[in-house]
Amino acid sequence: MAAKPDIVTLDQLDAFDARIDARSPAEFAEDHVPGAINCPVLDNDERRIVGTLYKQRGPFEARRLGGVWVARNIARHVETLWQGQPAHWRPLVYCWRGGQRSGAFVLWLRQIGWAAAQLQGGYKAYRRWVVEQLDALPPRLGWRVLAGPTGSGKTRLLHALAAAGAQVLDLEGLARHRGSILGAWPDGQPQPSQKAFDTALVDALRRLDPAQPVWVEAESRKIGQVQLPAVLTLALQQAPRVQLEVPFAARLALVLQDYAWLGRDPQALARRLMALRGLQANDTLARWQDWALAGNLTDLFAELMTHHYDPLYRRAQARAAAPWRVLPLEGLDPAGLGRAAAELLDDAGMSGCVR
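Last residue of the sequence shown? That's 355 in the UniProt record's numbering, and every number before it is there in order.
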């Protein structure tokens with residue numbers, strides 16, 4: 001049976017002028033369709049109260065109260081956000097499973113005269129589709145992996161490749177984390193939820209051209225608190241790999257630059273180092289915490305690299321296949337990285353790489 005004209009499926013997602021998420025702010029914050037604007041028909045407290053009323057006194061009492069709030073909230077959204085839209089404006093509205101919340105919103109909008117539509121199955125259907133895409137998309141792409149120990153400039157080379165016109169996937173940018181114990185984003189920027197990371201990843205993967213290589217950094221399965229899909233992890237493990245070789249002094253200089261913000265709060269840095277308890281000797285950990293408190297980041301990061309990060313990387317390398325090529329880099333200045341990116345893109349051997 002065909003869907004009603006005001007109920008559409010996921011394959012029509014891009015055919016609308018706006019995407020309206022009618023769920024509560026808490027639901028929206030966890031994850032949402034890319035580009036959606038949150039216009040809750042019930043806020044967090046209202047949704048909780050209506051849900052409790054439904055369980056304790058039945059659907060009629062819940063709807064009698066909830067209906068007033070829904071009407072009031074929809075009216076406010078139309079007045080403050082959508083009043084200036086032309087008659088031909090086409091919004092798509094969704095809620096949790098394509099039920100009463102988005103249905104009520106669509107009814108109001110269509111009564112005004114806009115060709116509003118409701119997403120069939122709501123966010124729940126969208127989430128199922130995202131999970132399916134996480135399995136389907138990675139094997140279709142030709143991956144090229146940048147590998148190297150901490151401070152090798154993988155992220156900066158990835159950005160240089162993007163500036164040179166290459167396709168890249170910045171997994172750490174999507175995860176808002178560098179993937180190490182000190183890898184949190186500056187100034188307390190939180191990581192996305194796992195669902196929000198999955199959504200952003202699918203959105204990025206869909207934009208990539210399977211006919212062109214995609215450059216990415218080597219990552220472990222987990223980046224901070226979010227995990228890569230198993231299919232993507234396997235694809236990256238099997239992809240051609242460029243091994244970056246950078247002098248230790250240049251690596252340390254880059255790490256000190258990237259992590260300088262940690263020195264603004266020595267107490268917090270010392271607490272972060274406690275994550276290494278059990279992995280490092282107690283006297284080593286105490287020395288590192290003393291350096292953190294004293295603001296001695298040079299000695300601290302030099303030993304972190306030699307005693308923690310580099311041994312971890314060597315163990316990972318022992319399990320990895322031989323690199324497709326080794327790329328020595330004397331420095332990590334923008335000009336040098338630009339030349340390295342051009343060299344990789346111009347390398348005649350790339351065309352012979354097998355996916």
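Certain hints may be false.
Derived lysine to aspartate or glutamate pairs resembling DMTMM-like cross-links, with alpha carbons at most 25 Å apart [as the list claims (entries may be wrong)]:
{"id": "1", "residue 1": "K195", "residue 2": "D209"}
{"id": "2", "residue 1": "K222", "residue 2": "D135"}
{"id": "3", "residue 1": "K222", "residue 2": "E172"}
{"id": "4", "residue 1": "K55", "residue 2": "E79"}
{"id": "5", "residue 1": "K55", "residue 2": "D203"}
{"id": "6", "residue 1": "K222", "residue 2": "D6"}
{"id": "7", "residue 1": "K222", "residue 2": "D170"}
{"id": "8", "residue 1": "K222", "residue 2": "E343"}
{"id": "9", "residue 1": "K124", "residue 2": "D310"}
{"id": "10", "residue 1": "K55", "residue 2": "D17"}
{"id": "11", "residue 1": "K222", "residue 2": "D283"}
{"id": "12", "residue 1": "K195", "residue 2": "E219"}
{"id": "13", "residue 1": "K195", "residue 2": "D310"}
{"id": "14", "residue 1": "K222", "residue 2": "E30"}
{"id": "15", "residue 1": "K124", "residue 2": "D258"}
{"id": "16", "residue 1": "K124", "residue 2": "E30"}
{"id": "17", "residue 1": "K222", "residue 2": "D258"}
{"id": "18", "residue 1": "K124", "residue 2": "D11"}
{"id": "19", "residue 1": "K222", "residue 2": "E27"}
{"id": "20", "residue 1": "K222", "residue 2": "D346"}
{"id": "21", "residue 1": "K195", "residue 2": "D135"}
{"id": "22", "residue 1": "K195", "residue 2": "E172"}
{"id": "23", "residue 1": "K195", "residue 2": "E303"}
{"id": "24", "residue 1": "K55", "residue 2": "D45"}
{"id": "25", "residue 1": "K124", "residue 2": "D299"}
{"id": "26", "residue 1": "K124", "residue 2": "E27"}
{"id": "27", "residue 1": "K124", "residue 2": "E219"}
{"id": "28", "residue 1": "K55", "residue 2": "D14"}
{"id": "29", "residue 1": "K55", "residue 2": "D43"}
{"id": "30", "residue 1": "K124", "residue 2": "D203"}
{"id": "31", "residue 1": "K222", "residue 2": "D187"}
{"id": "32", "residue 1": "K195", "residue 2": "D45"}
{"id": "33", "residue 1": "K195", "residue 2": "D283"}
{"id": "34", "residue 1": "K124", "residue 2": "D45"}
{"id": "35", "residue 1": "K124", "residue 2": "D6"}
{"id": "36", "residue 1": "K124", "residue 2": "D187"}
{"id": "37", "residue 1": "K124", "residue 2": "D135"}
Label pairs and their in silico Cβ distance ranges [claimed, not checked]:
{"id": "38", "residue 1": "W185", "residue 2": "A211", "range": "27 to 35 Å"}
{"id": "39", "residue 1": "V131", "residue 2": "R264", "range": "37 to 45 Å"}
{"id": "40", "residue 1": "P139", "residue 2": "A322", "range": "31 to 39 Å"}
Since the hints were made in silico from the structure, they are not lab data.
From the three backbone atoms N, C-alpha and C, an ideal C-beta is built for every residue, glycine too.
Outcome of the hint check:
Between K195 and D209 the alpha-carbon distance is near 24 Å, which keeps this suggested pair within the 25 Å criterion. Distance check on the hinted pair: K222 and D135 sit about 17 Å apart at the alpha-carbon level, within 25 Å; holds. A C-alpha spacing of about 10 Å is found between K222 and E172, which places the hinted pair at or below 25 Å, so the restraint holds. In summary, the hint linking K55 to E79 is not supported, as the alpha carbons are separated by about 33 Å, beyond the 25 Å threshold.
A C-alpha spacing of about 38 Å is found between K55 and D203, which places the hinted pair above 25 Å, so the restraint is violated. A C-alpha spacing of about 41 Å is found between K222 and D6, which places the hinted pair above 25 Å, so the restraint is violated. With a CA separation close to 14 Å, the supplied pair K222 and D170 stays within the 25 Å bound. Simply put, K222 and E343 have alpha-carbon atoms about 30 Å apart, too far for the 25 Å limit, and the pair is violated.
For the proposed pair K124 and D310, the alpha carbon gap of about 43 Å is over 25 Å, so the pair is violated. Restraint check for K55 and D17: not satisfied, since their Cα atoms lie roughly 37 Å apart, outside the 25 Å limit. Between K222 and D283 the alpha-carbon distance is near 29 Å, which puts this suggested pair outside the 25 Å criterion. Proposed proximity of K195 and E219 is supported: the alpha carbons are some 19 Å apart, at most 25 Å.
Proximity of K195 to D310 is assessed by CA-CA distance (about 32 Å); at most 25 Å being required, the pair is judged violated. A C-alpha spacing of about 19 Å is found between K222 and E30, which places the hinted pair at or below 25 Å, so the restraint holds. Pair hint K124 plus D258 does not hold up; C-alpha atoms about 39 Å apart against a cutoff of 25 Å. Between K124 and E30 the CA atoms are separated by roughly 13 Å; this keeps the pair inside 25 Å, and the hint holds.
Between the alpha carbons of K222 and D258 the distance comes to roughly 21 Å, so the proposed pair stays at or under 25 Å and holds. Under the criterion of a C-alpha separation no larger than 25 Å, the hint pairing K124 with D11 is consistent with the structure, at around 15 Å. With a C-alpha separation of about 24 Å, the suggested pair K222 and E27 falls inside the 25 Å cut-off, and the hint holds. Note on K222 and D346: the hinted pairing is violated, with a Cα-Cα distance of about 32 Å set against a maximum of 25 Å.
With a C-alpha separation of about 15 Å, the suggested pair K195 and D135 falls inside the 25 Å cut-off, and the hint holds. Only pairs whose Cα atoms come within 25 Å are accepted, and K195 paired with E172 is accepted, the gap being roughly 16 Å. A threshold of 25 Å between alpha carbons decides the hint, and for K195 with E303 the separation of about 36 Å lies outside it, so the pair is violated. In summary, the hint linking K55 to D45 is supported, as the alpha carbons are separated by about 16 Å, within the 25 Å threshold.
Note on K124 and D299: the hinted pairing is violated, with a Cα-Cα distance of about 50 Å set against a maximum of 25 Å. For the given pair, K124 sits about 11 Å from E27 by alpha-carbon distance, which is consistent with the 25 Å threshold. The suggested pairing of K124 with E219 is violated, with an alpha-carbon distance near 29 Å, which exceeds 25 Å. Our distance criterion of 25 Å between C-alpha atoms is broken by K55 and D14, whose separation comes to about 37 Å.
The suggested pairing of K55 with D43 holds, with an alpha-carbon distance near 18 Å, which does not exceed 25 Å. With a CA separation close to 17 Å, the supplied pair K124 and D203 stays within the 25 Å bound. Annotation: proposed proximity of K222 to D187 holds, straight-line Cα distance about 22 Å (limit 25 Å). With a C-alpha separation of about 23 Å, the suggested pairing of K195 with D45 holds against the 25 Å cut-off.
Annotation: proposed proximity of K195 to D283 is violated, straight-line Cα distance about 40 Å (limit 25 Å). The hinted pair formed by K124 and D45 meets the criterion: a straight-line CA distance of about 22 Å does not exceed 25 Å. Between K124 and D6, the direct Cα distance comes to roughly 18 Å. Compliance with the 25 Å bound is thereby established for this hinted pair. About 33 Å separates the Cα atoms of K124 and D187, which puts this hinted pair outside 25 Å; it is violated.
For the hint pairing K124 with D135, the CA-to-CA distance comes to about 18 Å; that is within 25 Å, so the pair holds. The hint said 27 to 35 Å for the Cβ distance between W185 and A211, and at roughly 33 Å that hint holds. With their beta carbons about 39 Å apart, V131 and R264 fall inside the hinted range of 37 to 45 Å. Checking the proposed 31 to 39 Å range against P139 and A322 shows it is violated: the Cβ atoms sit about 22 Å from each other.
Violation of the numbered hints given earlier is confined to hints 4, 5, 6, 8, 9, 10, 11, 13, 15, 20, 23, 25, 27, 28, 33, 36, 40; the remaining hints are satisfied by the structure.
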